[in-house]
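S.K.: Sequence:
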Amino acid sequence: MNSGSSDQQQLTNAVIITGGAQRVGKALAIALAQQGFDVVISYRTMKPAVTELRELGIHCQQADFSSQTGIDDFIGWINQKCGSIRALIHNASDWLAESADVSPQQTMNQMMQIHAMVPYQLNLALAELLQTSTQGDIIHLTDYVVKTGSKKHIAYAASKSALENMTKSFAALLAPKVKVNAIAPGLIMFNEHDDERYREKAKRKSLMAIEPGPQVVIDTINYIINNPYLTGSCVDLDGGRALASKQ
Numbered sequence: 025m026n027s028g029s030s031d032q033q034q035l036t037n038a039v040i041i042t043g044g045a046q047r048v049g050k051a052l053a054i055a056l057a058q059q060g061f062d063v064v065i066s067y068r069t070m071k072p073a074v075t076e077l078r079e080l081g082i083h084c085q086q087a088d089f090s091s092q093t094g095i096d097d098f099i100g101w102i103n104q105k106c107g108s109i110r111a112l113i114h115n116a117s118d119w120l121a122e123s124a125d126v127s128p129q130q131t132m133n134q135m136m137q138i139h140a141m142v143p144y145q146l147n148l149a150l151a152e153l154l155q156t157s158t159q160g161d162i163i164h165l166t167d168y169v170v171k172t173g174s175k176k177h178i179a180y181a182a183s184k185s186a187l188e189n190m191t192k193s194f195a196a197l198l199a200p201k202v203k204v205n206a207i208a209p210g211l212i213m214f215n216e217h218d219d220e221r222y223r224e225k226a227k228r229k230s231l232m233a234i235e236p237g238p239q240v241v242i243d244t245i246n247y248i249i250n251n252p253y254l255t256g257s258c259v260d261l262d263g264g265r266a267l268a269s270k271q
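Those letters in the sequence shown? Residues 25 to 271, by the working numbering.
Calculated from the structure, these hints are not laboratory results. Predicted model only: the values in this text are computed from it and were never measured. A few of these clues could be false.
Listed next, the in silico DSS-like pairs over lysine-lysine satisfying Cα-Cα at most 25 Å (straight line) [claimed, not checked]:
| hint | residue 1 | residue 2 |
| --- | --- | --- |
| 1 | K229 | K192 |
| 2 | K105 | K175 |
| 3 | K171 | K201 |
| 4 | K105 | K176 |
| 5 | K192 | K227 |
| 6 | K201 | K105 |
| 7 | K201 | K225 |
| 8 | K175 | K227 |
| 9 | K171 | K225 |
| 10 | K225 | K175 |
| 11 | K225 | K192 |
| 12 | K105 | K171 |
DEER-style ranges, computed between Cβ atoms [claimed, not checked]:
| hint | residue 1 | residue 2 | range |
| --- | --- | --- | --- |
| 13 | P72 | E235 | 33 to 39 Å |
| 14 | E152 | K71 | 19 to 25 Å |
| 15 | E224 | G81 | 36 to 42 Å |
| 16 | E235 | A266 | 33 to 39 Å |
| 17 | E220 | K171 | 36 to 42 Å |
| 18 | D219 | Q239 | 44 to 50 Å |
| 19 | K175 | Q129 | 34 to 40 Å |
For each residue, glycine too, the CB sits at the ideal point set by N, CA and C.
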């Protein structure tokens with residue numbers, strides 16, 4: 025479906041995935057659509073995957089979350105399109121290292137914007153639609169580095185830590201109608217340009233020593249959604265990385 029369609033039919037079993045046009049987000053969108061959910065994704069820039077997802081019946085809405093206008097417009101579109109929301113999955117992410125080319129202020133602002141400000145505002149603005157569902161879920165995708173910090177990605181780690189902390193606050197605020205949980209992934213998928221030496225080094229950081237692929241995230245999302253007694257928790261999806269570092 026084209027985001028500019030005049031179709032006014034409201035979605036009543038909606039799953040919202042931010043940043044759903046590539047990698048794990050794309051795989052998750054396809055999997056949940058195949059399970060019968062009305063899947064809505066946000067994407068920042070047009071790419072072939074958006075056309076592919078639309079052809080599968082997935083609703084794709086452009087949203088530039090770097091600005092308040094972009095956040096507000098997306099919230100407005102969701103409120104118009106959805107009668108209820110089954111799950112809100114915060115997958116949109118950015119990976120910006122500290123660099124002499126970018127000011128510390130810009131680096132921290134950019135990381136906090138996408139990983140904290142956007143989820144914070146969407147959770148509050150869409151809470152009523154989540155509560156309209158028989159059981160609503162909010163799922164925050166954080167990162168393994170929340171527990172360890174990162175000397176090369178300080179602002180990134182701090183912003184993901186903020187997101188993980190909000191899991192507990194929103195769980196308390198929205199219970200019992202809405203469950204709020206987090207997933208903290210380690211290595212899930214390599215980039216195409218990653219060389220073999222880097223891949224082997226990265227895999228050795230976990231006990232399982234594999235590149236698991238997006239299915240492990242899909243399985244964890246399904247576990248959270250289908251578990252009626254899980255809220256305020258974080259699932260460490262890192263192949264035992266914390267234990268491997270102690271060997």
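S.K.: Run the structure past the numbered hints and jot down the numbers of the failing ones, going up.
M.R.: 1, 2, 3, 4, 5, 7, 11, 12, 13, 14, 16, 17, 18, 19
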